[in-house]
Amino acid sequence: MSDPAVVIDPAESPVAHGSGLADARSYLDIQGVNLWYGNKQALFDIDLPIPEKEITSFIGPSGCGKSTLLRCINRLNDLIDGCRFEGRILWEGQDINGSGIELHGLRTRIGMVFQKSNPFPKSIFENVAYGPRIHGIRNKSKLQELVEKSLRGAALWEEAKDRLHESALGLSGGQMQRLCIARALAVEPDIILFDEPCSALDPIATGKIEDLMEELKKDYTQVIVTHSMQQASRVSDHTAFFYLGELVEFGETQQVFTRPLQKQTEDYISGRFG
Amino acid sequence: MPTSDHGMHSEGQRARKKMRHLLYSRLCGGALAVRVLMIVGLILLLASKGLSYFWPKDIQEVSLKDGSKVWGEYQGRKVFLGAQRDAEARYQIQYKVANRDLYDLDFRWVDEDEITQTSTPSGLLRLERREYGVFIGRLRELILGGEVHRGAVADLMPLLVRKMAERPANETHQWEQEARRDQVVLVTAEGQSSTISLFDVLHVEAPNEMSVFAKAGTLIANLWAFVWEDPRESNTEGGIFPAIFGTILMVFLMTFFVTPFGVLAAIYLREYAKEGPLVRAVRVAIFNLAGVPSIVFGVFGLGFFVYFVGGTIDQLLYPEALPTPTYGTGGILWASLTLALLTVPVVIVATEEALSAVPKEVRQGSYALGATRFETLWRIVVPASLPGIMTGVILAIARAAGEVAPLMIVGMVKLAPVPMDGEFPFLHLDRKFMHLGFHIYDLGFQSPNVEATKPLVYATAFLLVGIVMVMNLVAIYYRNRLRERYASSSV
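Note that the protein sequences, when read in sequence, are chains D and E.
Read left to right, the first sequence gives residues -17 to 256 (the numbering used here).
Read left to right, the second sequence gives residues 8 to 498 (the numbering used here).
It should be emphasised that the hints constitute simulated quantities derived from the structure, not laboratory data.
All figures in this text were calculated on a predicted structure; none of them were measured in a lab.
A virtual CB, placed ideally from N, CA and C, is assigned to each residue, including glycine.
Among the hints, a few may not be true.
Label pairs and their calculated CB-CB ranges [stated by the list, open to error]:
{"id": "1", "chain 1": "E", "residue 1": "Leu480", "chain 2": "D", "residue 2": "Gln126", "range": "33 to 43 angstroms"}
{"id": "2", "chain 1": "E", "residue 1": "Ala22", "chain 2": "D", "residue 2": "Phe26", "range": "55 to 65 angstroms"}
{"id": "3", "chain 1": "E", "residue 1": "Leu329", "chain 2": "D", "residue 2": "Gly64", "range": "37 to 47 angstroms"}
{"id": "4", "chain 1": "D", "residue 1": "His209", "chain 2": "E", "residue 2": "Val299", "range": "49 to 59 angstroms"}
{"id": "5", "chain 1": "E", "residue 1": "Val289", "chain 2": "D", "residue 2": "Gly64", "range": "50 to 60 angstroms"}
Below, a list of computed lysine to any residue pairs in the SDA-like style, where the Cα atoms sit at most 25 angstroms apart [stated by the list, open to error]:
{"id": "6", "chain 1": "E", "residue 1": "Lys367", "chain 2": "D", "residue 2": "Gln244"}
{"id": "7", "chain 1": "E", "residue 1": "Lys281", "chain 2": "D", "residue 2": "Asn21"}
{"id": "8", "chain 1": "E", "residue 1": "Lys367", "chain 2": "D", "residue 2": "Gly20"}
{"id": "9", "chain 1": "E", "residue 1": "Lys367", "chain 2": "D", "residue 2": "Leu52"}
Covered stretches of chain D, as calculated for chain E (at least 3 residues, CB under 8 angstroms) [claimed, not checked]:
{"id": "10", "region": "71 to 81"}
{"id": "11", "region": "98 to 108"}
{"id": "12", "region": "164 to 176"}
Construct the entire structure; sequences and hints are all you get.
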């Protein structure tokens, strides 16, 4: 549901249409999104196209609304009392907040990996099998196949195959985070959202996750919220810079980091604030 | 190393801080040690006083100044309170002389001054009888199958022992007929002879001739009988099996009722109910419920469960039996429901704590996979809370197992058979039952022979404490296994 007051003027839009992005097929289209927590507005008129099978990173200082926007995509904000949403997020031509969309089906197709790794207090196998199970897969061999495929997809199979039935909480931080990725992969989503997935990991574990994201690009559209500009420049194809709930700049990562169009972006990436 | 003035100063401060820390930690440790000592002391006291009852004591022969003799088991020695205040302390010794049918009392106090000699002669027997308790005497004659055997104790004893060993496990009518004809003749210390039919003799022993190992064997046999037999002689003799069974069954039923009820209530309060004045009021009410005196719950159980629910059931299902109530009177079902009501706040509070301890991220992880609220709750949140829920159940069990007052008005009685038999539906939840807690009270304060049952009070208390401990340990073991399985990352 779009607010008639929000008029999107292409000339004023922070989206850098001139940088070749217009050609990229926008897969998810965020249009005129406003969001309030109670009386406090957290997002202001966000317009953002997210390209298919590429990695889009959201950067910006803390509290700039990047995680909030990420959570709009799988409607996790619905869980928060007093959260009000306005605008449209189009996916395959349908508004994800529209009446034609079934919430649980949507979340199944848009996976999410959280900042704090959150494996369920169950075995590794059960963690990965949880998603397929709740979607009605009971067949044991099918589950096993899915678990192996997902763990391989998350580059965890080799480390975990001998301890599938041990508690997931015995894994290391990096392994847990890859387990969460495997868990997201097991329900065969189209999009994976990463909410600061490496903020609690050491550089080696971070490197593994980044390699994995590169690998996953073949099949998945990915969005990553990160505090690390190095990470954004390393992994993403497109970067969106947010500041105080507004989208300041969006473009190809290389362009954003080398030739930012906005002064605020330049200040942030050169470390003058944030 | 800091060597400046400033360093010296802070070193003094540090030393004081260290002292204070030491003091506090010692105080905490001391408090804990006292507590542990008290518990260990209690258990040791109960065990020693209780178990000594089952240890076959020697029968002493006490010769008095007036020439008479007393045969009895030494019980204890105390200052004679009737003496003049400034007079020299006089002591009295208590003997269990048994032979209640002859002496009226099982126990006799003897002035220490009167005693000339004490010995443990051989040939004295201790007979446990079906009625009138124990008989202590010297064997004189045996009448077996109409044939009279006379002679030395050493000759008669093997005959008696052999005859006793022939006792069948299940008493048949034919055996009873024979056993009633067979008789044993004993003489007391006063020379009075007494004839007892073998049917009335449950057990014979000659403690003065027994080795330590034989006594230990008897101790175990006595304990075994105490645990597995029905009570006799208005609870002053025999075992306490119905009380053990009643206690365990009642706690088991209570757990069966309280767990789902408490857990569901907590889930509703924590997960579904909208936080507001009403929910807060309900929560306060639950907390207060935990502080209501248990007898009030008993009265409520009587009014609601027994009279209202039970009475209604009787009218609807058992009208042919009325006015004799079936469910409309105290029974083990109503007792366990009353206790479930008493312990439900504990389970609710513990479950709520456990639910709220499940991290938000874990729930969101489930939602992000497309799980519904119900799936998240039942597949993630509740399993992760199980160890905490178990803690609540353990506390509930501990409380319920020790509760006596409310049960007295909803179905607990002094004497009742085990509410289980071969008749359908085998477990009779409408029946009244015995309970160890009440049994202790009954033995200690309601018994016709308080002196005789005193050791039984200790033994029963020891057993009750032991059962509560075992039930708790089982629950704790189960909880720890759950913990391993659902070990939570952040709790």
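Against the structure, the hints come out as follows:
1. E:Leu480 to D:Gln126: 33 to 43 angstroms: holds, 38 angstroms
2. E:Ala22 to D:Phe26: 55 to 65 angstroms: holds, 59 angstroms
3. E:Leu329 to D:Gly64: 37 to 47 angstroms: violated, 59 angstroms
4. D:His209 to E:Val299: 49 to 59 angstroms: Holds, since His209 (chain D) and Val299 (chain E) (Cβ atoms, about 53 angstroms apart) stay within the stated range.
5. E:Val289 to D:Gly64: 50 to 60 angstroms: violated, 23 angstroms
6. E:Lys367 to D:Gln244: Not OK: Lys367 (chain E) and Gln244 (chain D) at ~37 angstroms, beyond 25 angstroms, violated.
7. E:Lys281 to D:Asn21: holds, 21 angstroms
8. E:Lys367 to D:Gly20: Since the Cα atoms of Lys367 (chain E) and Gly20 (chain D) sit roughly 20 angstroms apart, the hinted pair holds (cutoff 25 angstroms).
9. E:Lys367 to D:Leu52: Holds. Lys367 (chain E) to Leu52 (chain D) sits at ~17 angstroms (cutoff 25 angstroms).
10. 71 to 81: With 0 residues close enough to chain E, the hint is violated.
11. 98 to 108: Our answer is that it holds, as 6 residues pass the Cβ test (under 8 angstroms) against chain E, meeting three.
12. 164 to 176: holds (count 3)
Going down the numbered hints, you'll see the structure goes against 3, 5, 6 and 10, while the others check out.
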